[in-house]
Amino acid sequence: MAQITNCLIFGSGRCATSALAGALAHTGVFTGFHILGPTPQQPSGYFEDKWINEWNDKVIQMSDPGYRGLFITPVNRDYLYVNLPVAAKPWPYFWMGPYAIKDPRFAYTYRAWKPYLVQPSIALVLFRNPSDFVKSALRLRADFPMISEDPKELEAIWRNNYEHVLANDDGTFHYFDYHTIVGGSGHGHAKIESLLGYKIDWSHIDMKLVHAEDGPCPEGLLDLWRELRKRASSG
Amino acid sequence: MKVRIVMLYDDSYAEAGRISESVARAYALKWGCDFVCYRHALCQDLNPSWNKLLAVTLNLPYADWVLWLDADALIIRDDISPQSVIERFSWGRSMLVSLDKWGVCCGVFAIQNCAWSLVMLNAWIELGEEESGTYGKNKWEQATFKALMDHFPAFRRKIAFLPEWLINNRDSWFWQEAWMCHFWGTAVSREMLTLAFRNIISEGWSPKWHKLPIA
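Residue numbers (this note's numbering), protein chains in the order written: chain F, 1 to 235; chain Y, 236 to 450.
Worth flagging that the hints you see were computed from the coordinates, not collected in a lab.
Ideal Cβ positions, reconstructed from N, Cα and C, are used throughout, including at glycine.
Keep in mind that a hint or two might mislead.
What the hints assert, rightly or not - A few chain F residues facing chain Y, derived, Cβ under 8 Å:
| id | residue |
| --- | --- |
| 1 | 28 |
| 2 | 30 |
| 3 | 33 |
| 4 | 35 |
| 5 | 40 |
| 6 | 45 |
| 7 | 95 |
| 8 | 98 |
| 9 | 115 |
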């Protein structure tokens, strides 16, 4: 096995990021202090740290006052990045190696976190077909009614997230299609184990919870979708 | 891997402590662990939270790992072995500590029988109370531990963690798969703690007994 490598987990949400973070957590990897637990639509849990979520929300709001929260409003497309407040340095999270910290908001705040990462550290970017993302986000409204019910707005959330991911890609990003994590092919699993340098307990992933619909990609998102797939296949 | 489970509580936890002790004792027997429980302080001059360090130090030579349990921590699932938890979460480090939303929590920890651990436990005891108040209003051993974590990188490189989803607490999310729940006995009444322990044993682990009301 290679050297053990830390990671951040990126993705729009609803694209197997929780499945991956949960598998890593059950392997013994640190995923945060105060972990978001199960909800009816996500009975195996989210494996996101509540403090990191809140922190990233505040950081995004500092430069995009119109932002009201993940899945509620799209982050302004012109949003670039800001530095984290000095009083709230995130370094305790990175003592607990190996770590795998997940938050869809990292797409916007990555550059603020980057100086604190303990090397070696990489980013695992998960994605799925945007029309499936929209369907999944609408299902999640059963647990979180504040989620936008406008499919166009959800498509914009998906687009803006991955546009920022691509803009922030510093060469340490590795891309994975949803199906390679939860599809049972094992292709994504072997590659992630190789990148992170340890064996992962994948038994946490409950295939009964997988919704692999593969609807048509909206025309306006095709280029971005193709770019993500290209990066996944070439990585 | 030989594991020794160690507990200590005084009369203030007598009723609830008897219950968590009996659960831990049966659990130890199931997994081939030694079990030692002190029902009194080993040093009357020290708060029970500091007495735990004496109890762990005394028992460390007799096992590969000592697993410490506060009396307000109840084992929920006995099908998870302590050996498997230590193997999974230690990553080659010498001490595993539970976590909560405030950071590390010394209510449940495991420590390896090695030279570093003996030196560290003695240093921890000798350092005594941390006085700044930065790490909590109580001057327990946990505050000193957090100060060591904060200021000494070589120290924290020896520390691994036991996550909140594995060891729930009253402020964590409810996880059905939790191994234990640490109820923060100073925050709830002893009567409520005892009632919760009895009901979890009879009814099983459920959200009903997860978030006990603050006393």
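Point to revise | Interface hint status, residue 115 of chain F versus chain Y (Cβ within 8 Å) | key: 17 Å, violated
Review point. Per the CB criterion, is residue 35 of chain F less than 8 Å away from chain Y?
Key: 5 Å, holds
Exercise for review: Tell me if residue 45 of chain F is really an interface residue toward chain Y, meaning its C-beta lies closer than 8 Å to one of theirs.
Suggested key: Check passed: Cβ of residue 45 of chain F comes within 7 Å of chain Y, closer than 8 Å.
Practice item. So, residue 98 of chain F near chain Y? Judge it on the closest CB pair being under 8 Å. Key: 7 Å, holds
Exercise for review: Mind checking the CB of residue 28 of chain F against every CB in chain Y and telling me if the closest is under 8 Å?
Suggested key: 4 Å, holds
**Study point:** Cut-off 8 Å, beta-carbon criterion: hint that residue 95 of chain F touches chain Y
**Key:** 5 Å, holds
Check your understanding: How about residue 40 of chain F: closest beta carbon in chain Y under 8 Å, or not?
Key -> 13 Å, violated
Review point. Holds or violated: residue 33 of chain F as interface residue toward chain Y, Cβ cutoff 8 Å?
Key: 5 Å, holds
Review point. Against chain Y, is residue 30 of chain F within 8 Å by beta-carbon distance?
Key: Hint holds; residue 30 of chain F Cβ to chain Y Cβ min 6 Å, cut 8 Å.
Violated hints, in rising order: 5 and 9; the structure is consistent with all others.
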